[in-house]
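Chemist: Sequence order for the protein chains is C and W. So the mapping is simple: the numbering used here equals the position in the first sequence, first residue as 1, plus 9. So the mapping is simple: the numbering used here equals the position in the second sequence, first residue as 1, plus 5.
Hint data in this document are derived by calculation from the structure and do not stem from the laboratory. Some clues are possibly wrong.
To be verified - For each label pair, taking beta carbons as the anchor points, the in silico distance ranges come out as:
hint	chain 1	residue 1	chain 2	residue 2	range
1	W	G92	C	A265	28 to 34 Å
2	C	K260	W	T82	38 to 44 Å
3	W	L145	C	D275	54 to 60 Å
4	C	H168	W	T110	49 to 55 Å
5	C	S154	W	S160	26 to 32 Å
6	C	N82	W	I149	36 to 42 Å
7	W	T39	C	A81	53 to 59 Å
8	C	R149	W	W220	51 to 57 Å
9	W	A68	C	A265	50 to 56 Å
10	C	K306	W	S160	27 to 33 Å
11	W	L54	C	T134	41 to 47 Å
12	C	S274	W	S160	35 to 41 Å
13	C	P293	W	G35	41 to 47 Å
14	W	R65	C	T134	33 to 39 Å
Stated by the list, open to error - Listed below are several chain W residues computed to face chain C (Cβ distance under 8 Å; list not exhaustive):
hint	residue
15	G92
16	N93
17	P164
18	T250
19	G258
20	N262
21	P270
Stated by the list, open to error - The calculated lysine to aspartate or glutamate pairs, modelled on DMTMM-like cross-linking and capped at a C-alpha distance of 25 Å, are:
hint	chain 1	residue 1	chain 2	residue 2
22	C	K173	W	E85
23	C	K213	W	D76
24	C	K213	W	E84
25	W	K265	C	D163
26	C	K253	W	E168
27	W	K74	C	E118
28	C	K256	C	E167
29	C	K170	W	E168
30	C	K170	W	D76
Glycine included, each C-beta is placed from N, C-alpha and C at the ideal position.
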Amino acid sequence: MQPVLRLAPSRTHAKLRRACRLFLLSLFVASLSVSCKKKSDSPGSKGDKQSIQNIGSDTMVNLAQAWAEEYANVVPNVSVEVSGGGSGVGIAALINKTADIANSSRHLEPEEEAKAKQSIGRSPTQFIVGYDGLAIYVHRDNPLSQISLEELADIYREHGKIDKWSQLGVTHIPGAKNDDIIRISRQNNSGTYAYFRDTVVGKKGDFKLGSLDMNGSKDVVEQVGKTPGSLGYSGLGYATGAVKVVKVSLKKGGPAIMPSIATVSDKTYPISRPMFMYTPGDPPERVKKYIDWVLSKPGQAIVQLTGYVPLPN
Amino acid sequence: MQLPSQPVASAKPRHALGSPRGPQRNKWEGLLETALEWLIRLCGISAILFVFGIFFFVLREGAGFLFGKLDFVQFFTSEEWYPTSLGNVRYGVLALIAGTFSVTTLAMVIAVPFGLGAAVFVSEFCGQRVRETLKVVIELLAAIPSVVWGFIGISVMNPLLQEVFHAPIGLNVLNGALLLALMSVPIMVSIGEDALKAVPDSFREAALAMGATRWQTIYRVLLPAAKNGLLAAVLLGVGRAVGETMAVLMATGHAVNIPKSPFDPVRTLTATIAAELGEASVGSPHYQVLFVIGILLFSITFAVNLIADLVVKGSRKD
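For reference, chain C alone in the conformation it holds in the complex (with noise of 0.2 Å):
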C-alpha cells in the first residue's frame, strides 16, 4: 500500500495561501478594534457626544433599552448603551470599570461588595428602578391555573418530591408527549436564577439538575410556549401569547394571586423583586443626570410601558 494521503500540492497552495491571508485580515481587523478601543475608553470625556456605558441584567435589558431610546430625545447629546448578560456580568463590569451603571435583578453580594471597593476605592452606590414580577409560566393550552410556592419548591429543588404534572392534579395537557414536568430555568449567573433560588428554593438550596438552563429571560418564555409540557419562571414583561402565567399562592389551597403591576406593588404577589442599577460611588455628572431621569415620572412611566412595576410615587 504505497501512495496513501498525498494531497495536490497546488491546491494545498491555495489552501495555506489563503488561510495566511484570512489570518493576517484578522490580525488586522483585531489590532483596528484594539485601537479604536483605547481611543474610547473615556467615555463622554471628549467631543459634545457623551456616552454612558450601561451592562447587565437580562430581565432588565428590554427595560434599559427603551429608557435610552427615550432619554435620547430628551438629552441628545448623552447615548446610552445598553447590553444585557446577566447580573454578575454587569457587576463584573462595573468592578473592571467597563460600566458607568450595572443593572442587577439581585443585591450585590459581600465578595462583590468587596472586590469594587478594592478596585474602585469605594463601595457601588445603589439606586432602586423598578420592581419586577417573577412569573410562573406554563404553555398556553396547559389547564393549570394556579400553583403554590410548596409546590414550585418541590418541582425545582434538589431531592423535590414532584415531577409529574399529574401530582399537581393536571392529567391531560393538549401536545405533552407524556406526564414529566419539564422545568425550564436560567444559568447560573443570572439573577433570577439567585432571586429564584433565595425565595422559593431556600437559601441554602440547591436546584434539581436536569432542567433547561436558558440564556436568557426572553428565552424562558419562547422555550416554555414551544413545549408543551413544560413549566418556566421569568420577568413579568415578558409574557407572550404562545405562554400561559399562573397565579400564585403561598400555601398549597391558598389563595392565589395573579402578578400584575398591582399585586406586586402592593406585595401581595409572593415573588416579586425590586431591581437596582448600582454606579460605582457618585456617579459623575451624566450619570447622576440619567438615573435621576430614570426614577422620575417620565422614567417611570416607562417601566410601566414595558410590563414592570414602577415605584410607589
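Given the coordinates of chain C, assemble chain W onto it according to the supplied hints.
Modeler: Same frame as chain C, now just chain W:
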C-alpha cells in the same frame, strides 16, 4: 493542529518555488521573495506558538485548582454540577462528559455515512460540472456560522423533532447531533475527497482491467487504499464536533443530565464554559474549575488529533 499530513506532503515543492533563480530577476525581486518567504514561514510557526500559548494560559488559570483543591474522584464520577451553590458546592462533570460524548457519537453516526458517501460521489461518480457545483455548495455549508446553526436548531428543528419523533422536548441530543453532523460533513467531504483523489489512477485502471464493477473498485480497491486519509477525515470531524460550542449550547437544551435516549436534553463541556465563564469572578474556584474543564477538552481534542496523526503515519510505513 489540523490537517496533520499536509505540510509534510507539500514542503518540497514549495521550497523549489520559493528560491529565486534566473538571471533576469533583479535584487529587489530577490529581497521581496525572501521577505515573503519569511512571512509565510512565520505564519507556519505562529500556529505552533499559538497552540502552546493557549495551552500554557489555560493550564496557568486552572493549575491552582487542578493540583490543589480538585477532588478527582468527584470531578469524574459525580454528575452533580453545582458550582454556584450557597450551601454545598459540588463540581462533578460526569453528566457534562456524557453530554459531549452522546452528542458527538450520534453526530458521527449520522455524519460519517453522509460525509464519506459524498466524498466517494464527488471524487468517483459525478461529472466535472456537478463536482464543481457540489464543492462550492459544500464549502458554503462549512462557512455558515455556528450561531446560525444554533438558531436553526432552536427555531426549525425544535418544533420539528417534537412533531416527527414525538419528543417531549425539542432541544435534545438528536437536535445537537444533527447540527453537528451538518457542520462536520463539509470537512469530511473535502478531506475524504482529497484522500480518494490521491489514489493513483493506475489502481482504478487495474481494477477495471480485472473486470471489477464500479462498486467493487470502490469497495475493494479505493477505500482500502485511501483508508488513512478517510480515517483522518472522520477524526477531524470528531474534533470539530467535540469542540463546537455555540450550536450545541443553543440546541441541546443545556440541562445537566445523563441522557437515556436521543430525546433527552444534555449539556456539553464546551457549552458549560461558554455559559458560565462570563460571570465567574476571576480566580475563584468556579473560574478555575471551568479552566480545568478547558484542559480536559484540550486533552480530548489533542488525543483525537494525535490518534489521527499516528494512524496516518503508522500505516504509511507498511
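Chemist: For which of the previously enumerated hints does the structure constitute a violation, in increasing order of number?
Modeler: 4, 10, 13, 18, 29, 30
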